[in-house]
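The opening residue of the sequence shown carries number 1 in the UniProt record's numbering; numbering runs sequentially from there.
Don't take every hint at face value.
Said to hold, decoys possible - Okay, the calculated beta carbon distance ranges per label pair:
id : residue 1 : residue 2 : range
1  : Lys-91    : Arg-64    : 15 to 23 angstroms
2  : Thr-4     : Arg-95    : 25 to 33 angstroms
3  : Glu-49    : Lys-91    : 29 to 37 angstroms
4  : Arg-95    : Glu-49    : 36 to 44 angstroms
5  : Gln-43    : Arg-72    : 18 to 26 angstroms
6  : Gly-42    : Leu-94    : 30 to 38 angstroms
7  : Glu-7     : Thr-71    : 34 to 42 angstroms
8  : Glu-84    : His-46    : 17 to 25 angstroms
9  : Cys-22    : Ala-56    : 18 to 26 angstroms
10 : Asn-20    : Arg-72    : 31 to 39 angstroms
In short, the hints are calculated from the structure, not lab data. Predicted, not measured: the structure shown is a model, and the values here were computed from it. Here a beta-carbon is modelled for each residue, glycine too, at the ideal position from N, C-alpha and C.
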Amino acid sequence: MRTTAEECNRIGQWIGERLNLCEGPVFFLIPELGVSAIDAPGQPFHDPEADAALFAALERTLRRTDKRQLTRVPLHINDPQFAELLITNFKEALREH
1 MRTTAEECNR
11 IGQWIGERLN
21 LCEGPVFFLI
31 PELGVSAIDA
41 PGQPFHDPEA
51 DAALFAALER
61 TLRRTDKRQL
71 TRVPLHINDP
81 QFAELLITNF
91 KEALREH
């Protein structure tokens with residue numbers, strides 16, 4: 001069952017609140033084209049409105065600092081380029097800390 005925009009809003013807020021508690025580095029990447037295999041464009045759970053609610057709530061809630069960053073990327077979570085970007089960010093976090 002697909003989450004609604006309202007549910008996604010609450011989830012985004014919850015994630016942001018938890019990330020705000022982190023003391024170490026946080027590099028959170030938002031895959032704008034989907035967060036699961038079945039919510040990619042053309043798939044049964046594709047719902048840009050629900051995804052937008054999730055991402056907006058997360059951006060609104062997360063308190064960004066030098067150590068806590070959020071970046072939106074125009075990729076799907078299963079795109080190889082997204083995986084490469086995650087690896088790059090992870091290596092950067094390891095170098096800094």
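Distance restraint hint 30 to 38 angstroms, applied to the beta-carbon atoms of Gly-42 and Leu-94: Holds, at about 36 angstroms.
Supplied distance hint 29 to 37 angstroms, evaluated on CB atoms of Glu-49 and Lys-91: holds, 34 angstroms
Could you tell me whether the CB distance from Thr-4 to Arg-95 stays inside 25 to 33 angstroms? The hint (25 to 33 angstroms, Cβ to Cβ) is violated, given that Thr-4 and Arg-95 are roughly 40 angstroms apart.
Could you check the hint for me, namely that Gln-43 and Arg-72 are 18 to 26 angstroms apart, CB to CB? At roughly 20 angstroms between Cβ atoms, Arg-72 and Gln-43 fall inside 18 to 26 angstroms, so the hint holds.
Kindly confirm whether 18 to 26 angstroms is satisfied by the beta carbon distance between Cys-22 and Ala-56. holds, 21 angstroms
Quick one: are Glu-7 and Thr-71 within 34 to 42 angstroms, going by C-beta? At roughly 24 angstroms between Cβ atoms, Thr-71 and Glu-7 fall outside 34 to 42 angstroms, so the hint is violated.
Do the Cβ positions of Glu-84 and His-46 conform to the proposed distance bound of 17 to 25 angstroms? holds, 24 angstroms
Are Arg-95 and Glu-49 spaced within 36 to 44 angstroms by their CB atoms? The hinted range 36 to 44 angstroms holds for Arg-95 and Glu-49, with Cβ atoms some 38 angstroms apart.
Beta-carbon spacing of Asn-20 to Arg-72 - inside the hinted bounds 31 to 39 angstroms or not: Cβ of Asn-20 to Cβ of Arg-72: about 18 angstroms, so the range 31 to 39 angstroms is violated.
Quick one: are Lys-91 and Arg-64 within 15 to 23 angstroms, going by C-beta? At roughly 21 angstroms between Cβ atoms, Arg-64 and Lys-91 fall inside 15 to 23 angstroms, so the hint holds.
The structure shown violates the earlier hints numbered 2, 7 and 10.
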